[in-house]
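Model the placement of chain C on the given structure of chain D, informed by the hints.
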Amino acid sequence: MVNLTIDGKQITTAKTSTIYEAAKENGIYIPVLCYAKKLLPYGACRICLVEVEQMKGRLIPSCTTPVTEGMVVTTTSDEINKVRKTVLEFLLVNHVVDCPVCDKGGECDLQDLTYEYEVVTNRFQGEKFDLPTDEVNPLIERNMNRCVLCGKCVRVCDEVVGYGSYSFINRGFETKIATAFDRGLNCEFCGQCVSMCPVGAILPRPFKFKARPWQLKDVDTVCGYCGNGCTVTLGVKDNQVQTIRFNEDTGVNHGNLCVRGRFGYSYVNDATRLTKPLIRKGGELREASWDEALVTIAEKFKAAGKDLGIISGARLTNEELLLLKRISSALGTHHLDHSGGECYQGLTAGLNETMGISASTGTFPQVEKCNAILAIRSDFYETHPVFGMVINQAIRLNDAQLSVIADKRGKLSKLPNARTLMHKPGCEINMINALCQVIIAEGLAKTDDLQGLAELTKALADYTPETVAKMVGADAEAIKKTARELAGAKNAAIVVAYGLPYTAHSKEIAIAASNLALLTGIAGREGSGLYLCGEKANSQGAIDLQITPGPAGLGAQQMLNSAAEGRLPVLYLVGEDPVVTYPDQGLVKKALEKSFLVVQDLFLTDSAKYADVVLPAASFTEKDGTFTNAERRIQRLRAGIKSPGEAKSDFVVFQSLLNKLQKTAPAAPAAAFGELTGEVAGYAGIVYEQIGPQGEVWGGETLAPLKKVLIPVAGNEPLQAEYQLLVGSALYHSGSVSTRSKGPMSVCPEPYIELGRDDAVTLNVKTGDMIQLKAAGVTIQSKAKVDNRLPKGVIFAPYHFAGLGLNRIYTGQSVIAVEPSKL
Amino acid sequence: MFKEFAKGLSITLKHLLPGHSTTVEYPKQRLEIAPRFRGLHRLVPAQDREKCVACYLCPTVCPAKCITVESEENEKGEKYPRVYEIDLLRCIFCGYCVEACPVEAIEMTSAYELANFKRGDFMYDKARLLKS
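Protein chains in written order, with this note's numbering: chain D, -3 to 819; chain C, 21 to 152.
Please keep in mind that the hints were generated in silico from the structure rather than gathered at the bench. Bear in mind that the values here come from a model prediction, so they are computed numbers and not experimental data. For glycine and all other residues, C-beta sits at the position ideal for the given N, C-alpha and C. Treat the hints with care, as some may be off.
To be verified - SDA-like mimics (lysine to any residue), calculated; alpha carbons at most 25 Å apart, straight line:
(1) D:Lys233 to C:Arg110
(2) D:Lys206 to D:Ala635
(3) C:Lys96 to D:Val132
(4) D:Lys172 to D:Gly122
(5) D:Lys206 to C:Pro55
(6) C:Lys96 to D:Pro128
(7) D:Lys204 to C:Arg69
(8) D:Lys206 to C:Ala26
(9) C:Lys96 to D:Phe125
(10) D:Lys206 to C:Pro65
(11) D:Lys302 to D:Val648
(12) D:Lys365 to D:Asn243
(13) D:Lys762 to D:Ser817
(14) D:Lys124 to C:Gly97
(15) D:Lys100 to C:Glu90
(16) D:Lys605 to D:Phe125
(17) D:Lys206 to C:Thr129
(18) C:Lys146 to D:Arg208
(19) D:Lys206 to C:Lys96
(20) D:Lys100 to C:Cys121
(21) D:Lys52 to D:Asn22
(22) C:Lys96 to D:Lys52
(23) C:Lys71 to D:Val648
(24) D:Lys206 to C:Asp145
(25) C:Lys85 to D:Glu103
(26) C:Lys146 to C:Tyr116
(27) D:Lys206 to C:Val103
(28) D:Lys779 to D:Ala717
(29) C:Lys85 to C:Arg62
(30) C:Lys146 to D:Trp210
(31) D:Lys172 to C:Gly97
(32) D:Lys818 to D:Gln716
(33) D:Lys100 to D:Asp74
(34) D:Lys213 to C:Glu90
(35) C:Lys146 to D:Pro209
(36) D:Lys365 to D:Glu481
Claimed, not checked - To list a few chain C residues with every Cβ distance to chain D over 12 Å, as calculated:
(37) Thr32
(38) Asp107
(39) Glu133
(40) Arg139
Pulled out of the complex, with its shape left as it was, chain C reads as follows:
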């Protein structure tokens, strides 16, 4: 019985040795992010406007109903999102919006440090999403 006991403890002790720790000292140290990580959304800009054509597929597919789109016609007669807002407090980062987008106008970045002080700061409007 003692033998088994020592064997178990040795595994534990091995993990205590330097270089075997799985935690990192965040924020000084950061983990490498997987290429398909789903962080903060980004609206992709095109030449003189956003790529988004306000087709309403992302708010339709969104299971958390956190996306607000309002479409309008611009001077060129094109459809564009006058309003594009994501409520991050509601978002569940499922990435369905990215999948649904027919023009690849929305993608998810690797940004995950999304804490903020006010509720209002979690509403990402079009200008913010284009910059993120």
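In isolation and in its complexed conformation, chain D is listed as follows:
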């Protein structure tokens, strides 16, 4: 700790603080332009100049100067103000003063400072820039005439996102921020630069000229896409979400968002949202009243009783899931499952067998302090981009070693320090087993109170790095290095993401990963953690609430099987579109056709077209409740807008249904949460109203394993086929709902089939050509995209788009043998 005096106030602060941070902590205001909490100190703008007694003779930039013992700092004096005013005058020499038409007006740091320091005239004269504005891309608008060269966009893109789109080019007066070769932006479109820009140089294009900042009502809620649980602040006006506001004080994400979170909100205001219940009459879906629809459903449900199948989405709030569970128990059915039941449940089940818990053991902020990180499956960044940014920060700030077990290269492979352990598709378990083998063989394992070590050692005899490397085409030395790093690191993390597009051997992967976590001592150690990340916003909540088949109940896939055979007369789909997203489309369609189908969703989805009753539901922006994210953080959703037409939140629908079944239901989400804390073990003691801006992590920052059992799992034989198709997620999309959002659709508008360079040459395919994949007698067609991240023989396709019909050939395999041909 260091003692210093700022403006006559005695302050004790950490040795690593800068003067600015010390002042801010103690409520002393120093103006800044180029400083940002999450970025490294830079000192570009010189607005934060202060006077230090010990360094008399010049003014000191407070944001880059570390505190020293006995420092005496003055933050305002006539001289300091004069200098700050001059700095502003210099900035305003080039800055075009088009505040009336600039969307930043009203929350512009430069505008505020100009006002504060009463810069009404300028003693200097110079040329205003007249640079062309970047109108090429649909999401991020750049107007470099307004730029003050603070470098925040350059730094955030490099330090946080790890993409590096921007850089300073030219020298002196000509200096400007530009992309490579000064072309249009072609990046992840996460919009971090938009959120950091202190002036109107980088703005969100979808919000262009929509409203003024002061007209917007800010509503803090939780993003409804992935399991990362980022806080998004909705900017609401006229009952519409106009934009997502920048907010770095609330939530676990420190204001970081991805393209989905920042630009994927438009579906909530979409004109095609369902506004009235629909009932099939005479073969057609016709509008009906809520009462009629609910009576019809209640009758059917009662008649079906224990033969009702309920498949829920994992984007319902915890409170809604609780009511859904009540409905299933009121009807006596055990056929209850959620989308995660296809994949994420497997992960948690695996973890349950080895450690007796069913959630990630650490929290995201801990990962920033890790020394070694292992990501299993390369899709991790694509499904959980903001967690990916945390990993990037661990690398930048903590020099962490990142290893990626991957069948294709992705964003994580491009990060500095990243070691990609490439293997043949579908052989992740072999790789993890090899890591375990190295750790045991080299005596690095932390074997205290581990059960089943002998069996595991025996079973792993076949998984020496050399054997595995030969079998799956990996690099044995790299495996050894990674194993040593993981075992030797003070803090380490293992991250696994799972989603609907890869449902195969999820349980085995979880067991293999937890073997590794137990051998390295990662599980349960303070600061380290095994992270199992579900694909959807409330995947973890659905597991916590056990939206899983009861005793003798059927899982989602079995329900569809059963329904297809006509043994399940009634199906209730809540927020799921299995026709598009579930494996084996043929089976799904048959199941939906055969049963009496009730669909509750935002849109008339492909699945809803088969429905007998469709109920219009509410999006995440229209309801109150809680989500539990992939690190067990329970966070509150807050309604920002009203639902369109007669659409109701799932909570209200379930309430009415329960009433129709002569059962009582909690009156509001807060009451439901109260009941929930009594039923779900980890949630006990958490009070709805007291869930703060950072959420509430159930089970504490580090969740200790209840047992430590090592279970041997067998790896897989690589598929022997010339061309192999991998199904996965694209960065710009999440599930199928993002395909109804303008932002993601404007950068990734249509399905594609991705090929590596070598295969593209062999098949004579260029980006944009139509290509056909044939598997098991079924063909799918799409535009080709040629990239350099896929190894030879591996083809990739994202699963989000209904148009591709990918699940006609994807039936749950980890990898599919296909025959590609150019059309």
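Here is chain C on its own, set in the frame of chain D:
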């Protein structure tokens, strides 16, 4: 006492003489209007559009909340008011909108004969305000 009485009455009588009346015979006769009189608003036209850039400062400053602006982007990528409406029934003619305008796109004319038959007629939209 009579003296004072006569004095007072003489002042009154003086005012009754022709040429001393302060009222005018409106509408045949009209008073001259002060140059800074605040009458009906006018949107100032520019070459091919209105001067207004839809910065929302006038609806923000308006104490009577009678101005509605909705901005949009035109073909040239400029910001313009798709909707600009003033509800004269609510307006208190304070002139703050004129003062707030950064581009001098709104001014107040000398027109004060604003009576009308229907409530709807008091809503002045962009086209009307540009002509007034």
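Outcome of the hint check:
no.: 1; hint: D:Lys233 to C:Arg110; verdict: holds (22 Å)
no.: 2; hint: D:Lys206 to D:Ala635; verdict: holds (21 Å)
no.: 3; hint: C:Lys96 to D:Val132; verdict: holds (14 Å)
no.: 4; hint: D:Lys172 to D:Gly122; verdict: holds (16 Å)
no.: 5; hint: D:Lys206 to C:Pro55; verdict: violated (37 Å)
no.: 6; hint: C:Lys96 to D:Pro128; verdict: holds (13 Å)
no.: 7; hint: D:Lys204 to C:Arg69; verdict: holds (20 Å)
no.: 8; hint: D:Lys206 to C:Ala26; verdict: violated (73 Å)
no.: 9; hint: C:Lys96 to D:Phe125; verdict: holds (19 Å)
no.: 10; hint: D:Lys206 to C:Pro65; verdict: holds (23 Å)
no.: 11; hint: D:Lys302 to D:Val648; verdict: holds (23 Å)
no.: 12; hint: D:Lys365 to D:Asn243; verdict: holds (23 Å)
no.: 13; hint: D:Lys762 to D:Ser817; verdict: holds (12 Å)
no.: 14; hint: D:Lys124 to C:Gly97; verdict: holds (20 Å)
no.: 15; hint: D:Lys100 to C:Glu90; verdict: holds (17 Å)
no.: 16; hint: D:Lys605 to D:Phe125; verdict: violated (55 Å)
no.: 17; hint: D:Lys206 to C:Thr129; verdict: violated (30 Å)
no.: 18; hint: C:Lys146 to D:Arg208; verdict: holds (20 Å)
no.: 19; hint: D:Lys206 to C:Lys96; verdict: holds (16 Å)
no.: 20; hint: D:Lys100 to C:Cys121; verdict: holds (17 Å)
no.: 21; hint: D:Lys52 to D:Asn22; verdict: holds (24 Å)
no.: 22; hint: C:Lys96 to D:Lys52; verdict: violated (53 Å)
no.: 23; hint: C:Lys71 to D:Val648; verdict: violated (49 Å)
no.: 24; hint: D:Lys206 to C:Asp145; verdict: holds (20 Å)
no.: 25; hint: C:Lys85 to D:Glu103; verdict: holds (22 Å)
no.: 26; hint: C:Lys146 to C:Tyr116; verdict: holds (18 Å)
no.: 27; hint: D:Lys206 to C:Val103; verdict: holds (12 Å)
no.: 28; hint: D:Lys779 to D:Ala717; verdict: holds (22 Å)
no.: 29; hint: C:Lys85 to C:Arg62; verdict: holds (17 Å)
no.: 30; hint: C:Lys146 to D:Trp210; verdict: holds (24 Å)
no.: 31; hint: D:Lys172 to C:Gly97; verdict: holds (23 Å)
no.: 32; hint: D:Lys818 to D:Gln716; verdict: holds (22 Å)
no.: 33; hint: D:Lys100 to D:Asp74; verdict: violated (30 Å)
no.: 34; hint: D:Lys213 to C:Glu90; verdict: holds (17 Å)
no.: 35; hint: C:Lys146 to D:Pro209; verdict: holds (24 Å)
no.: 36; hint: D:Lys365 to D:Glu481; verdict: holds (15 Å)
no.: 37; hint: Thr32; verdict: holds (56 Å)
no.: 38; hint: Asp107; verdict: holds (17 Å)
no.: 39; hint: Glu133; verdict: holds (32 Å)
no.: 40; hint: Arg139; verdict: holds (23 Å)
Of the numbered hints stated above, those contradicted by the structure are hints 5, 8, 16, 17, 22, 23 and 33, listed in ascending order.
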